[in-house]
Each structure stands twice: as structure tokens, then as C-alpha cells.
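*Asks:* Assemble chain B onto chain S, guided by the hints.
One line per chain: the protein sequences are S and B, in this order. Per my numbering, the very first residue in the first sequence carries number 1; after that it's consecutive. Per my numbering, the very first residue in the second sequence carries number 1; after that it's consecutive.
A couple of the hints might just be wrong.
Because identical chains cannot be distinguished in the list, a pair is counted as satisfied if it fits within a single copy or across any two copies.
To be verified - Calculated lysine-lysine pairs in the DSBU-like style (CA-CA distance at most 30 Å, straight line):
1. Lys-187 <-> Lys-145
2. Lys-154 <-> Lys-88
3. Lys-11 <-> Lys-154
4. Lys-8 <-> Lys-88
5. Lys-233 <-> Lys-187
6. Lys-206 <-> Lys-232
7. Lys-54 <-> Lys-24
8. Lys-176 <-> Lys-233
9. Lys-227 <-> Lys-206
10. Lys-16 <-> Lys-154
11. Lys-79 <-> Lys-154
12. Lys-232 <-> Lys-11
13. Lys-88 <-> Lys-11
14. Lys-232 <-> Lys-196
15. Lys-6 <-> Lys-175
16. Lys-88 <-> Lys-16
17. Lys-145 <-> Lys-233
Calculated from the structure, these hints are not laboratory results.
What follows is the residue order along each chain.
Number of protein chains: 2
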Amino acid sequence: MLSINKRKYLKSLNNKKHRLIEKKVLIEGLRIIDEGISSGLNFEHIWISNRHDKHSVIYLNLIKKIKTCDIPYTFEIDKDIQFISNTKNSQGIVALLTVDDLFNENLHFFSDKIVILDRISDPGNLGTIIRTCAWFGITSLILTKSSADIFNPKCLRSSMGGHFYIDNCVYLSNKKIVDFISLHKYKLYCSSMEGKSIYNLESNDKWALILGSEAHGINEELLVGEKITIPKKGSIESLNVSIASGSMLDYLTRG
Amino acid sequence: MLSINKRKYLKSLNNKKHRLIEKKVLIEGLRIIDEGISSGLNFEHIWISNRHDKHSVIYLNLIKKIKTCDIPYTFEIDKDIQFISNTKNSQGIVALLTVDDLFNENLHFFSDKIVILDRISDPGNLGTIIRTCAWFGITSLILTKSSADIFNPKCLRSSMGGHFYIDNCVYLSNKKIVDFISLHKYKLYCSSMEGKSIYNLESNDKWALILGSEAHGINEELLVGEKITIPKKGSIESLNVSIASGSMLDYLTRG
Chain S
1 MLSINKRKYL KSLNNKKHRL IEKKVLIEGL RIIDEGISSG LNFEHIWISN RHDKHSVIYL
61 NLIKKIKTCD IPYTFEIDKD IQFISNTKNS QGIVALLTVD DLFNENLHFF SDKIVILDRI
121 SDPGNLGTII RTCAWFGITS LILTKSSADI FNPKCLRSSM GGHFYIDNCV YLSNKKIVDF
181 ISLHKYKLYC SSMEGKSIYN LESNDKWALI LGSEAHGINE ELLVGEKITI PKKGSIESLN
241 VSIASGSMLD YLTRG
Chain B
1 MLSINKRKYL KSLNNKKHRL IEKKVLIEGL RIIDEGISSG LNFEHIWISN RHDKHSVIYL
61 NLIKKIKTCD IPYTFEIDKD IQFISNTKNS QGIVALLTVD DLFNENLHFF SDKIVILDRI
121 SDPGNLGTII RTCAWFGITS LILTKSSADI FNPKCLRSSM GGHFYIDNCV YLSNKKIVDF
181 ISLHKYKLYC SSMEGKSIYN LESNDKWALI LGSEAHGINE ELLVGEKITI PKKGSIESLN
241 VSIASGSMLD YLTRG
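The following block holds chain S by itself, in its conformation from the complex:
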């Protein structure tokens, strides 16, 4: 059974400040936790609601996986799981993860293909972009300091486990980003409403793609690369930034 203090502690991790202090985060949902275990994460503990049918195939498979990986787990009363959960309709499974284990912040280890996110403020968009990066094999991310928290529960939900495929992630100032890109000679692409069509991009082995906030675009200080755009065929003013990330990464990773 979860003690009152433990419950309070776990619930406090839904708050960004506490996540930063504790360097721990709660991961919710069957599919995401399953994806996390598959990607080799060591969850500290997994709590499962006893409302579930323990004989259902989906649960038996997950428990088997959890046991194989030696992850501590306990069954709890549903009320306790609902209490620590951040969602209205919890799936009844919550896992605790130490964030330090997840990303390497040392720029030395960043790969030759980087996505830079400038002030993406919607955690749902941020999560979808992370998932899209994971699909296109991008493992290094840089975020500007005023971007949403990568461990925001909504971001974790919409990423659907995409976080677990990112190796390197760091929050940096605009100046540090520009210095790093320039020093290490990345070809820099800036997603823009007006720029060179992505259809005409020359292939490049070492590049960084910046995507800016929907409301403000990319900060002037970061607009030092080649502007690229997804040609519009309709009349609407703008495209969602996560959709833009998908089409651009599709082209850039074609090789």
C-alpha cells in the first residue's frame, strides 16, 4: 500500500519545480511504459491498479516483461493510482523514472543531425515533435530556455514513448546554440514561412534544423541559417509546427 507521504511525494512530481529538484518524473499509461521497458529504461518502480483483470493477455505480457527486467512493481488500490495520476481517466499504471538516466546533456556527444526547438510552448506539440524525431532517427535535441518542459505530463503523453529514443537533450541560450552550430560547422536550416522549398534541398551529412514557436516563429538571434519552407498549395495562413517538423525531417533524412 502507498503511504500518504509516498502518494504526496509522487503527486508532487506533476509539478515542474518538484521534477527539477528531484530529477524524477512519472510516466503513465500502458503503451508508453511498455515502450520504455522495450527501449531498455530502468524504471525505479511501477504501480499498477488492482482494478485490472490480472489474467488479461495484455497485463500478463507486461508483468512478464517487468519481471524479466527486474523492475520493482506493486499492485495498489485504484484510488491511490488515480490520486498520483495526472490524467482524468488514468489507465491505472504509473512508473517512476530518474531523469538523469535519460538524456546526455554534454554537447560533445551530440550527433550530426540535430533538431533545435525555439520556444515551442505547447507541451502537446513538443511531445508530437519528439515522437516524430524518434521516427526519423533524430537522437539529439536542443531547446531554447523558454521552451516548454520536456517532462511536462502532456508532453510525455503525446510523445508516446518518443523520449526514450532521444539520447541527447539540453536547454541552451540562443548565443550558446549559435556558437555551437558555428564551431562544429553544422549546416543550419531555419523553418520559415518564406524560404527555399524543401523540394530543392541538397543533401547534407551534418545539419541542424530549427523550428520556432507558432506565434512568434524563430528568434532573430537564431535566424542565421538557410530559411526553408514547405510549399503551400491551399490558402490557410500557417501549418502546425509539429506537421512542419514531420515533412522537413522526412526530406532531410532521405539522404
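*Replies:* The following block gives chain B in isolation, referenced to the frame of chain S:
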């Protein structure tokens, strides 16, 4: 001032059942309403919170536009606007639209490029797909009967005015969809995890693209076209359906 009955009536439109009976929908937010007016919509009425600074440029411009288009509008106390609003933090502007004016359901008028959505259940995803269709110039949509409501407030928000660029939209049974596609000789593409790479698509002037629910994919009855896929370069299991719509439409509309 909004009467109690009027407020109650407008609030009731946040409910799907009432929207269907009344054939009216509330549109919220400055940018979406602005996009709606630009696209030539005749809103029945616009209510604006009096908490706004009526001298701000953004409001003066909007009011000018509203007046030019002869749309009735009134300023209301903020409490009333919050009451009828569906969002937690209302932007303080709400417009009433008769849905009948928005889409033509007659298949006779459907264009040569159609997007078919099978059981997309998340209204946010549905809205983002509609916005993406608007970007790529797709003006005809077909939804299967168990898809989310296209006038769900979340769908309207994430579409950011994309609805206003769709000419034709209808909910149909699987059988009617297959019959229509076959009778009118559309080349049918089915978005799938396993299929022909979109990089190798031959151009086609008359096509329909089906996208299926993330949990279940495309219903067997509709899987009668060519399966196509966005090549994966990473290890994650799946891509968000709205991202898939973006990359696929990008290729299909390149011509």
C-alpha cells in the same frame, strides 16, 4: 447584454447533440474568427468581451473587418463570454456560425483529391489534419461514421480555421465510401505501417488517401487500395496520424 436564455442556448452548443439539432456551432478565438471572416464566412453574430482594450490595433483591425462584412456584433461583460466559452482561458471573443453554410455534403461536388478519415477519435488530431488538408489545398473530406465530431470545440481549436477552407465534407458508411471510390475511379491510397514507400509514388491526378485511427489503423472493409508508408529511420513503433497526413499529402500534392 446577453439574456439568461440566450447564454444557456449558446452554451448548449458545446454539446454535440445540440449542435446537430441546431446546426449551429460556436467559434472561439481571435485568430480563428479573423481567418473565418477572411475566408468569406457569414457569422450570425460575434460577441466580444468588454475586458479588451478597444483601442488596441489588433481589435481595431478586427472590428473594421467585422463592420466591412456587415456581421452583427456586440460587446458583453467578460463573465458572460466566459460562461458561453468552452475554454478555461477564453480569449474573450465568440462567434456563432450556421453549419449548413460550411460544407457541401453532395458527393457530386467532391474534388479529384480526397482525404478519408477512418475513426480518428482524438478531436485534436482531427483538427490538425483538417488544418494540414487546408495547407495542401485539399478541399474534400469523407469521415467514417465513428470518427470524432468535426465541430467538436477541441477540433475547431486545433484546426485554427482550417475548416473554412474545406468545401465538401460528409460522414459515410464504409460500404458507401468503397462504392463511391470505385464508381468514380479514384486511385485509392491506404496509409499503413507496411506498404510502398511514399518516395516511390507515381503521380496521379485523381486520388483518395485514407488515414486510420492510431489504435486500430484502417478498417478491413476500407483496406482495398494501395498501402503506402512513410519510411521509418528510427526505432519507435508508430508515427502520429496527423504527422503521417502531412508527409503523405506533401508527396501526393507535389504533382
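*Asks:* For each hint given before, does the structure comply? Return the numbers of the non-compliant ones in rising order.
*Replies:* Violated hints: 12 and 15; rest satisfied.
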